[in-house]
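Colleague: If you want the building blocks of each chain, they are given just below.
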Amino acid sequence: MSDFIELFIKQLQSPTLGFLIGGIVVASFGSQLAIPDSIYRFITFFLLMKIGLSAGIAIRNSNPTEIFLPALGAMLVGIAIVFIGQYTLGRLPGIKTTDALATGGLFGAVSGSTLAALLPQLDSANIPYEAWSAALYPFMDIPALVTAIVVASVYLTKKNGEASEKVEIWPIIKESLQSSAVTAMLLGVALGILTKPESVYESFFNPLFRGFLAILMIIMGMEAAQRMNELRKVAQWFAIYAFIAPIVHGFLAFGVGLIIHKITGFSIGGAVVLAVIAASSSDISGPPTLRAGIPSANPSAYIGASTAIGTPVAIAICIPLFIGIAEMMAR
Amino acid sequence: MSDFIELFIKQLQSPTLGFLIGGIVVASFGSQLAIPDSIYRFITFFLLMKIGLSAGIAIRNSNPTEIFLPALGAMLVGIAIVFIGQYTLGRLPGIKTTDALATGGLFGAVSGSTLAALLPQLDSANIPYEAWSAALYPFMDIPALVTAIVVASVYLTKKNGEASEKVEIWPIIKESLQSSAVTAMLLGVALGILTKPESVYESFFNPLFRGFLAILMIIMGMEAAQRMNELRKVAQWFAIYAFIAPIVHGFLAFGVGLIIHKITGFSIGGAVVLAVIAASSSDISGPPTLRAGIPSANPSAYIGASTAIGTPVAIAICIPLFIGIAEMMAR
Amino acid sequence: MSDFIELFIKQLQSPTLGFLIGGIVVASFGSQLAIPDSIYRFITFFLLMKIGLSAGIAIRNSNPTEIFLPALGAMLVGIAIVFIGQYTLGRLPGIKTTDALATGGLFGAVSGSTLAALLPQLDSANIPYEAWSAALYPFMDIPALVTAIVVASVYLTKKNGEASEKVEIWPIIKESLQSSAVTAMLLGVALGILTKPESVYESFFNPLFRGFLAILMIIMGMEAAQRMNELRKVAQWFAIYAFIAPIVHGFLAFGVGLIIHKITGFSIGGAVVLAVIAASSSDISGPPTLRAGIPSANPSAYIGASTAIGTPVAIAICIPLFIGIAEMMAR
Amino acid sequence: MSQQVWKLVIVGEEILSKKIIKLIKAAGATGYTVNAAGGEGSRNVRSTGDPSVSHTLSNVKIEVLTGTRELADKITHDIATKFYADYSIITYIYQVEALRDHKF
Amino acid sequence: MSQQVWKLVIVGEEILSKKIIKLIKAAGATGYTVNAAGGEGSRNVRSTGDPSVSHTLSNVKIEVLTGTRELADKITHDIATKFYADYSIITYIYQVEALRDHKF
Amino acid sequence: MSQQVWKLVIVGEEILSKKIIKLIKAAGATGYTVNAAGGEGSRNVRSTGDPSVSHTLSNVKIEVLTGTRELADKITHDIATKFYADYSIITYIYQVEALRDHKF
Ligand SMILES: Nc1ncnc2c1ncn2[C@@H]1O[C@H](COP(=O)(O)O)[C@@H](O)[C@H]1O
Ligand SMILES: Nc1ncnc2c1ncn2[C@@H]1O[C@H](COP(=O)(O)O)[C@@H](O)[C@H]1O
Ligand SMILES: Nc1ncnc2c1ncn2[C@@H]1O[C@H](COP(=O)(O)O)[C@@H](O)[C@H]1O
Ligand code: NA
Ligand code: NA
Ligand code: NA
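Protein chains in written order, with the working numbering: chain A, 1 to 331; chain B, 1 to 331; chain C, 1 to 331; chain D, 1 to 104; chain E, 1 to 104; chain F, 1 to 104.
Think of the hints as simulated: they come from the structure by calculation, not from any bench. A portion of the hints provided could be inaccurate.
As the list claims (entries may be wrong) - Quick list of in silico lysine-lysine cross-link-like pairs, DSBU-like style, CA-CA up to 35 Å: (1) E:K103 to C:K233; (2) E:K103 to E:K25; (3) D:K19 to A:K196; (4) B:K158 to F:K103; (5) E:K18 to F:K18; (6) C:K166 to E:K82; (7) E:K18 to D:K18; (8) F:K103 to F:K82; (9) E:K82 to F:K82; (10) E:K82 to A:K174; (11) E:K103 to C:K158; (12) D:K19 to B:K262; (13) B:K158 to D:K19; (14) B:K166 to F:K22; (15) A:K158 to D:K103; (16) E:K19 to F:K19; (17) E:K22 to A:K96; (18) D:K22 to D:K82; (19) E:K103 to C:K159; (20) E:K18 to F:K22; (21) F:K82 to C:K96; (22) E:K103 to C:K174; (23) E:K82 to C:K158; (24) B:K233 to F:K103; (25) B:K174 to F:K82; (26) C:K174 to E:K22; (27) A:K233 to D:K103; (28) B:K196 to B:K96; (29) F:K82 to C:K233; (30) B:K96 to D:K103; (31) A:K96 to E:K82; (32) B:K174 to F:K103; (33) E:K82 to D:K18; (34) B:K166 to F:K19; (35) D:K103 to A:K174; (36) D:K19 to F:K19; (37) A:K96 to D:K22.
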């Protein structure tokens with residue numbers, strides 16, 4: 001146990017986390033510092049392309065059937081998280097079911113920045129993982145969003161006593177695939193598989209990755225501090241859920257990953273990736289999709305919960321936690 | 001012949017092309033992915049500065065008189081392309097002469113992104129070329145734009161039976177020189193000649209070149225797909241012209257380059273540069289200059305033709321084509 | 001002496017200066033070239049973070065008490081510059097006292113870009129300096145701004161014969177600390193001290209520093225040319241002050257630095273840093289703080305003086321001057 | 001030389017802009033003008049996950065000139081029905097004088 | 001379906017935007033809309049050190065809909081007292097018709 | 001405390017903005033305000049080669065307050081003569097009430 005705590009604390013000192021906390025402090029202090037919106041957009045594009053490219057290059061040289069079980073696991077976890085949200089958060093006093101579903105959907109969906117923060121730390125910790133495992137992202141992201149929107153629509157139709165009109169699933173999937181985050185990652189994967197982008201990858205995407213990630217962490221930190229105010233306007237249950245849920249979701253997915261590890265050769269590092277994408281909550285593609293899909297849900301509740309608390313918890317607690325566990329298991 | 005086809009196909013697999021096609025696919029699929037405008041502007045500035053700096057550093061150590069004949073060739077090709085446009089596209093049924101002239105002017109002018117895409121591929125193919133040859137850019141670009149605007153003015157004056165007022169040429173040249181693209185490249189050339197920018201060049205402009213180029217290719221691809229709709233609104237002849245013209249212009253300039261090769265020591269690689277800048281059509285500086293210079297021409301026609309078809313053809317067909325020819329000649 | 005002139009001229013050929021002059025020429029020629037605002041903001045953030053990080057990493061491994069005397073010197077110089085402005089510029093015919101105070105405040109405050117331009121040139125000249133010396137920035141910047149605003153308020157209160165209401169100092173300090181420039185640098189210092197950002201620093205901030213600095217120099221040059229027009233609208237004394245003041249302030253601070261050098265082990269290179277931050281005038285954080293703090297002062301006067309003349313003089317004259325002196329002293 | 005036309009202004013969440021434009025075109029307007037905007041109102045919900053710290057303008061202001069009051073009312077009505085319940089959005093209208101040779 | 005309200009427009013230096021918004025809220029308005037703007041006027045001072053070459057929009061346009069003329073006049077008056085002497089700023093007002101179900 | 005002035009609004013292609021501003025100043029207006037804008041109209045031509053995929057706002061909205069109707073009409077007329085034939089552009093005008101102490 002003391003070993004584990006030691007490993008956990010070492011993770012806490014990583015620069016990634018330092019930059020995140022730096023952003024929180026800076027914004028809390030009311031600084032005028034602002035990273036321009038276009039830079040933020042470029043950085044997220046850059047990071048997801050980089051992750052996609054390296055996954056694609058890896059897939060090119062790997063057995064594509066290996067991904068089947070982990071992808072299925074990712075899907076099931078994404079869907080399960082929505083129902084967990086509905087039956088825990090949604091049952092609490094004063095919480096509207098649609099708000100709970102939207103929050104569950106956002107926490108089931110995946111954060112590109114959390115994923116980007118994880119990978120270099122796995123590398124530093126020398127924990128091997130399937131290079132394609134970042135490609136699990138959309139397999140958890142899209143089912144979670146689709147489930148949240150479909151269940152909310154069914155719920156609202158029933159509640160309003162309307163003749164149940166069928167909810168169309170394909171448009172929701174399409175909108176998720178068209179979102180800038182998922183597109184950037186899939187474009188990277190496709191280019192990694194089909195072309196030979198090694199020269200660009202080695203001269204550009206790989207060396208600049210840690211730097212842009214650090215800047216993104218500052219932005220995420222500033223954003224978390226800023227959204228705190230918004231979160232204060234909604235029921236406290238959202239804050240409590242946002243603190244606990246990433247950890248619970250992480251353990252759920254880590255368990256699923258371990259089972260797949262037993263069945264196939266899926267690595268422990270891969271299980272950590274699965275755990276952290278489950279622990280993460282979407283910050284780019286999820287919010288607009290949910291806003292359009294469940295318009296009556298309160299965005300201050302679900303975006304506030306995710307950005308102000310969910311993402312910091314995923315990065316600051318879940319990443320070191322699951323890396324610590326994996327290191328302990330490796331001994 | 002089969003050798004040539006093999007070389008041609010190898011070129012088709014380059015990452016540059018992959019990123020271009022990736023952009024086309026992504027935009028055709030209706031993705032929300034968008035590279036912010038300010039990033040696009042910075043990237044074109046960066047690439048042209050880099051090209052200019054390396055040309056300037058090369059000129060510093062070379063005999064400046066060497067550039068005389070190639071520059072003259074570039075000028076003549078640029079002017080010729082406008083007249084080719086007038087007497088081919090302009091003679092087709094339903095095509096306004098001013099539209100044909102503006103299109104010819106844009107195809108005579110030069111694309112910084114196509115030039116940027118060419119140079120690393122020449123390097124990979126180990127085809128030597130005069131390092132200053134990128135500096136031929138303005139020598140083709142400006143004469144083409146000036147010719148198109150002057151000829152259109154003369155034509156309109158005659159047609160409207162007005163007393164022929166003399167068209168002022170200097171303001172058009174000045175506007176071209178003041179355009180952001182030409183300025184960026186000439187600034188790079190000047191700094192390369194007059195200062196010692198090697199430290200900045202080696203630590204910044206050179207290593208990041210391929211990466212920013214890849215991102216620009218994605219933007220160009222998305223843009224091409226987007227402009228297709230606009231091109232559909234105008235006569236089909238523009239699309240046909242846009243497909244054939246880059247290849248014809250490329251061969252014309254390659255021929256001129258070979259003649260200069262015989263006369264002076266101008267390299268085959270230099271002739272490829274001449275061919276590709278002729279094949280390219282302007283995407284940054286040309287459109288606003290033409291819009292102001294020939295206001296009655298329809299921008300949907302000439303910009304659509306250039307961006308939706310001309311640029312992809314120049315990058316995807318003309319670059320591998322002329323590199324393939326040069327490689328065959330080198331055997 | 002001829003030695004010194006030689007050293008001075010060598011400094012003049014540095015790329016930094018070339019890019020600055022390039023920007024001036026380009027803008028004077030009326031070019032359309034424009035670096036997007038968001039890129040400018042990102043670059044200044046990047047450079048100040050880099051400077052802060054390297055200072056912070058250095059402080060982590062150094063004796064924090066060393067900084068005490070130099071910081072005190074920086075403070076006194078910052079305050080002195082304001083009074084020098086008041087009693088020289090402010091006494092000239094037709095110059096309003098508040099305008100003189102605001103100008104003095106801006107020239108007492110510090111320019112991140114000038115500081116960024118200095119450090120690589122100190123490195124190239126192999127002049128050792130305390131790595132933490134960049135952290136002297138806020139110790140001169142904030143006192144200068146506070147002094148200017150407080151003295152102006154006292155002056156206006158007296159002049160208007162109002163009952164002297166006490167000027168609050170803390171809000172002014174807070175606003176300075178909250179400015180994006182000071183925040184970025186202090187965030188870098190804090191992260192450098194408290195986390196281990198070496199991996200990010202070596203892979204991102206350090207290699208890209210020279211390149212972004214070069215681009216910032218182009219922007220500063222364009223800006224200087226642009227502001228010239230504004231400066232022409234105000235009394236010529238501002239232009240004359242802006243030319244002489246950086247040199248005078250530089251020598252004042254260099255003298256202070258030499259005294260500290262005698263007392264403690266403070267390096268000659270550190271004295272050059274002190275001299276150049278004194279010579280520099282604020283371009284990011286100063287103007288809005290002064291505009292809010294001394295609303296009746298004419299911003300065209302003080303911003304024009306600083307941007308159009310002060311900054312070019314600091315970069316083009318003061319940096320090579322003090323490096324030349326330090327090199328001569330080292331022989 | 002001039003004609004009286006109606007200017008309808010819509011200020012609402014950026015996320016709605018494509019939908020509102022679609023609706024404006026469907027109603028038969030000859031055009032529209034869009035501005036990025038920021039603001040606060042009585043509902044003031046945020047609809048994106050994009051960082052607010054970067055001063056994103058998360059609203060959009062859409063202006064439509066219409067030749068008749070009916071057309072403007074139809075657009076207002078369509079927007080009210082579709083978006084008033086769940087989104088931050090306001091609309092208002094006034095008369096302006098446009099050059100006669102442009103058809104609205 | 002509609003109500004007459006006043007639309008007050010303020011165009012001034014970007015640096016004032018937070019202060020003006022504070023003042024608008026303090027006066028009791030239900031909301032405001034902000035646009036980035038550029039421009040020139042009779043005073044035309046620049047308030048930032050940010051590069052003008054990069055085409056920064058250094059002004060801001062703030063629009064406030066108020067239910068009463070008094071509220072608009074109060075805001076105008078507060079702005080005039082505080083900022084007219086030292087800053088580039090103009091204000092003007094006109095009547096528009098807003099949907100009745102939004103409270104101003 | 002107030003004066004009736006005319007507010008002339010011009011929405012057109014971004015590429016024209018410098019030329020329009022020149023013309024406004026030449027006509028004798030005391031100032032103008034510019035906003036980046038997007039939009040579609042009956043002509044709707046694009047004038048730049050810049051990527052449209054990046055949501056560039058390729059229009060510009062220019063507002064001019066004038067003390068007299070004549071001045072506004074002169075500006076409108078100049079714009080119409082110079083740009084209506086070849087460019088996407090609209091203009092319209094209405095009356096607003098400005099603070100008396102600013103000269104227009
Ligand atoms: N009184 C007002 N004056 C000006 N703009 C307003 C006002 N109320 C609301 N708005 C704008 O309309 C948007 C939506 O308002 P609401 O639906 O009240 O949240 C706000 O974000 C503001 O941009
Ligand atoms: N006549 C005018 N028409 C339109 N906008 C104006 C006018 N005069 C001033 N402005 C705007 O108001 C700002 C401040 O004006 P001023 O206080 O006159 O410098 C200017 O920067 C313009 O954006
Ligand atoms: N009916 C309209 N309502 C609002 N804006 C319009 C309208 N028609 C045109 N515009 C704007 O004016 C610009 C030029 O219009 P046009 O000359 O009709 O292409 C368009 O791009 C729009 O921004
Ligand atoms: Na998740
Ligand atoms: Na060409
Ligand atoms: Na100073």
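Colleague: For which of the previously enumerated hints does the structure constitute a violation, in increasing order of number?
Modeller: Structure breaks hints 1, 3, 4, 9, 10, 11, 12, 13, 15, 19, 21, 22, 24, 27, 28, 31, 32, 33 and 35.
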